[in-house]
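Read top to bottom, the protein sequences are chains Z and F. Read in the working numbering, the first sequence has 220 at position 220, and its numbers run on one by one without any break. Read in the working numbering, the second sequence has 31 at position 31, and its numbers run on one by one without any break.
If you're looking for bench data, these hints aren't it; they were derived computationally from the structure. Where hints are given, some of them may not hold.
Stated by the list, open to error - Quick list of in silico lysine to aspartate or glutamate cross-link-like pairs, EDC-like style, CA-CA up to 20 Å:
(1) Z/Lys235 to Z/Asp221
(2) F/Lys290 to Z/Glu188
(3) F/Lys303 to F/Glu143
(4) Z/Lys290 to F/Asp220
(5) F/Lys290 to Z/Glu143
(6) Z/Lys290 to F/Glu126
(7) F/Lys290 to Z/Asp220
(8) F/Lys235 to F/Glu208
(9) Z/Lys290 to F/Asp222
(10) F/Lys235 to F/Glu267
(11) Z/Lys303 to Z/Glu314
(12) Z/Lys303 to Z/Asp161
(13) F/Lys290 to F/Glu326
(14) Z/Lys235 to Z/Glu188
(15) F/Lys290 to Z/Asp221
(16) Z/Lys235 to Z/Glu267
(17) Z/Lys303 to Z/Asp180
(18) F/Lys235 to F/Glu225
(19) Z/Lys235 to Z/Glu225
(20) Z/Lys290 to F/Asp266
(21) F/Lys303 to F/Glu126
(22) F/Lys303 to F/Asp161
(23) F/Lys290 to F/Asp275
(24) Z/Lys303 to Z/Glu188
These figures come from a predicted structure and were not determined experimentally.
2 protein chains.
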Amino acid sequence: MATRVTSADVGRAAGVSRATVSYVLNNRVDARVTEATREHVLATARRLGYHGSPAARALRAGRGEIVMLLLPEWNTAGEIGRALREIGRQTTALGLACLRYEGPEWQQRVANLLGMVTAAAVVTFEPLSSEDQEAVASAGIPEIRAWFLDSPGGPHTTHIDQASVVLTQIDHLMDRGIRDLAFVAAEEPHDQGFAEARLAAFRAICQERGLRNDRILSVDDDLTELVERLRVWSKESGRLGVAAFSDFTAVGVLSAASAAGLQVPDELAVIGVDDARFASLTSPPLTTIKLDLLSEGIAVACKLATALELPIPEADSQRSPLSLIERSST
Amino acid sequence: MATRVTSADVGRAAGVSRATVSYVLNNRVDARVTEATREHVLATARRLGYHGSPAARALRAGRGEIVMLLLPEWNTAGEIGRALREIGRQTTALGLACLRYEGPEWQQRVANLLGMVTAAAVVTFEPLSSEDQEAVASAGIPEIRAWFLDSPGGPHTTHIDQASVVLTQIDHLMDRGIRDLAFVAAEEPHDQGFAEARLAAFRAICQERGLRNDRILSVDDDLTELVERLRVWSKESGRLGVAAFSDFTAVGVLSAASAAGLQVPDELAVIGVDDARFASLTSPPLTTIKLDLLSEGIAVACKLATALELPIPEADSQRSPLSLIERSST
DNA sequence: TTGTATGCGTTATCAG
DNA sequence: CTGATAACGCATACAA
Numbered sequence: 001m002a003t004r005v006t007s008a009d010v011g012r013a014a015g016v017s018r019a020t021v022s023y024v025l026n027n028r029v030d031a032r033v034t035e036a037t038r039e040h041v042l043a044t045a046r047r048l049g050y051h052g053s054p055a056a057r058a059l060r061a062g063r064g065e066i067v068m069l070l071l072p073e074w075n076t077a078g079e080i081g082r083a084l085r086e087i088g089r090q091t092t093a094l095g096l097a098c099l100r101y102e103g104p105e106w107q108q109r110v111a112n113l114l115g116m117v118t119a120a121a122v123v124t125f126e127p128l129s130s131e132d133q134e135a136v137a138s139a140g141i142p143e144i145r146a147w148f149l150d151s152p153g154g155p156h157t158t159h160i161d162q163a164s165v166v167l168t169q170i171d172h173l174m175d176r177g178i179r180d181l182a183f184v185a186a187e188e189p190h191d192q193g194f195a196e197a198r199l200a201a202f203r204a205i206c207q208e209r210g211l212r213n214d215r216i217l218s219v220d221d222d223l224t225e226l227v228e229r230l231r232v233w234s235k236e237s238g239r240l241g242v243a244a245f246s247d248f249t250a251v252g253v254l255s256a257a258s259a260a261g262l263q264v265p266d267e268l269a270v271i272g273v274d275d276a277r278f279a280s281l282t283s284p285p286l287t288t289i290k291l292d293l294l295s296e297g298i299a300v301a302c303k304l305a306t307a308l309e310l311p312i313p314e315a316d317s318q319r320s321p322l323s324l325i326e327r328s329s330t
Numbered sequence: 001m002a003t004r005v006t007s008a009d010v011g012r013a014a015g016v017s018r019a020t021v022s023y024v025l026n027n028r029v030d031a032r033v034t035e036a037t038r039e040h041v042l043a044t045a046r047r048l049g050y051h052g053s054p055a056a057r058a059l060r061a062g063r064g065e066i067v068m069l070l071l072p073e074w075n076t077a078g079e080i081g082r083a084l085r086e087i088g089r090q091t092t093a094l095g096l097a098c099l100r101y102e103g104p105e106w107q108q109r110v111a112n113l114l115g116m117v118t119a120a121a122v123v124t125f126e127p128l129s130s131e132d133q134e135a136v137a138s139a140g141i142p143e144i145r146a147w148f149l150d151s152p153g154g155p156h157t158t159h160i161d162q163a164s165v166v167l168t169q170i171d172h173l174m175d176r177g178i179r180d181l182a183f184v185a186a187e188e189p190h191d192q193g194f195a196e197a198r199l200a201a202f203r204a205i206c207q208e209r210g211l212r213n214d215r216i217l218s219v220d221d222d223l224t225e226l227v228e229r230l231r232v233w234s235k236e237s238g239r240l241g242v243a244a245f246s247d248f249t250a251v252g253v254l255s256a257a258s259a260a261g262l263q264v265p266d267e268l269a270v271i272g273v274d275d276a277r278f279a280s281l282t283s284p285p286l287t288t289i290k291l292d293l294l295s296e297g298i299a300v301a302c303k304l305a306t307a308l309e310l311p312i313p314e315a316d317s318q319r320s321p322l323s324l325i326e327r328s329s330t
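The whole structure should be built from the sequences, with the hints applied where relevant.
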């Protein structure tokens, strides 16, 4: 194994001092280096395959170049994943490395983690435990909050709050003339937090509009209860509108409706969330809500740049974060 | 912001030298420190909230403590995710930090990355480009290969190869007396590599058994072609057996079967892969194959420990990596 | 048993 | 315009 190439090696090979190498490699404008020397150093560095030592640089600078995403146990397959990718892209543009930490449960482990990783900042998606918070603080690195679940109007609300997702679902169902609404979530632990936020919003919105808000069910692997409930709810109402937590849940609702002998969308309308790949593959194809969390990614990058005193990326032109995809399930 | 606490601070506060602090904190058995001093130093460190600087340690040790997972653009929602979590758990047990890098396309970016992150090792899931490979080599850190897609018998095959997944699907369908087989994949870029490997296996196995191996389709958002093909294939055969790439794809097949007026499982049987949450929610519930990649995680940890000269974790008792979940779609 | 001295690779300052 | 030097925080061989 070839021993690591240091800046001293480059300097020696190029016949200049380490300082000159450093100047050249960091493009320091204030340092006056002959163009010839410059190119020579550059060429030598490339020839030797020189790569600076991140550890040394971090030690020297007192700050690392890693942005660590402290991810909850979320399902990152859908729109959340797109937001994370955007955060990664923006971070890279800022000259930092974006790495994800998905500890099964990082209660109190953040301290250990920060003892091994020289981070420039951490991005959190949920409130940290007090020990974790203290660990971040005592490491002297900023915490960027991207709390997608924050309550609407809360200090860390980003562009989309969960309430407006449910609002859009309900608005659509009511536009279709439906007044009897139900909410169905899945007992998927990875989605727990989001499900609770949506459920609360459902209750609040229905109450506000004078509609029944107690038609609620959480679905697990067994559909029999859902089938039964759909039958009952449907009998009570003219036409039932189901706001499903996600497109997955909506698939369950479609199956249950079929088992209950309910026609979709005539007797039962269902709307999902996320515009998953299979949403157009169900029968009938799912009406759903597509979230665009790209702007969230940019917002995070802005906070990051501010905290780290880096040039702030420009916000994207205002795109609509929520859009309704109408198919035939409603 | 409180300035970082260094080991010198602890030494000063405890009235001992930096070296003593270092001895105590690293539990060096060969260093002879009074138990009293030991405890005093430990207490002082805790009181001041001392956490070592990873950068300094890495610089000194010449090696970082981060295991970087270089992830392809895979869907990490299913079984792959479980394998990754297991890798994380094992890595943590080894005293290292497991971080994931999901570059949208990290062609040639690995060099940059390694210029910012002091890694102990990288874990790859696909062959690296030659530049990337060189970057890893010149950084002097080991590359651990967890190439789940490696061809059976290949040097980096882990416990499960994609061919045996398809084999299990086909065996099950043939056990049901089905001789007319089809393979349906999804045009999901995140699953591309896996889909290709499975397709190749399907072709080979059918050929070997003297069955038709040209009933193959890749499904996108539009189901009309699938509906048409299922009709044709079904007409040609007594009972059609569909090996679906995943449970997602299987859902598409169920929809298409319904649209084509084919009874499941009497006229058409379908088997998926992954035992996704919704697999039991479809109508009829999906027969599927569950993969247990936990042992893969352990295997990776063993390679890691070997490369890094750390104590090697013991392999789990041999569990079956593949299991058939029989429901009513076959 | 504890303290001192040195080096890891960078970069910034200052003298040449 | 360039070269020497110090310091970042830690670990350890060696001296006391």
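Structure-based check of all given hints:
no., hint, verdict
1, Z/Lys235 to Z/Asp221, "violated, 24 Å"
2, F/Lys290 to Z/Glu188, "holds, 18 Å"
3, F/Lys303 to F/Glu143, "holds, 10 Å"
4, Z/Lys290 to F/Asp220, "holds, 18 Å"
5, F/Lys290 to Z/Glu143, "violated, 39 Å"
6, Z/Lys290 to F/Glu126, "violated, 32 Å"
7, F/Lys290 to Z/Asp220, "holds, 18 Å"
8, F/Lys235 to F/Glu208, "violated, 24 Å"
9, Z/Lys290 to F/Asp222, "holds, 18 Å"
10, F/Lys235 to F/Glu267, "holds, 10 Å"
11, Z/Lys303 to Z/Glu314, "holds, 12 Å"
12, Z/Lys303 to Z/Asp161, "holds, 18 Å"
13, F/Lys290 to F/Glu326, "holds, 10 Å"
14, Z/Lys235 to Z/Glu188, "violated, 28 Å"
15, F/Lys290 to Z/Asp221, "holds, 15 Å"
16, Z/Lys235 to Z/Glu267, "holds, 10 Å"
17, Z/Lys303 to Z/Asp180, "violated, 42 Å"
18, F/Lys235 to F/Glu225, "holds, 15 Å"
19, Z/Lys235 to Z/Glu225, "holds, 15 Å"
20, Z/Lys290 to F/Asp266, "violated, 37 Å"
21, F/Lys303 to F/Glu126, "holds, 16 Å"
22, F/Lys303 to F/Asp161, "holds, 18 Å"
23, F/Lys290 to F/Asp275, "holds, 5 Å"
24, Z/Lys303 to Z/Glu188, "violated, 31 Å"
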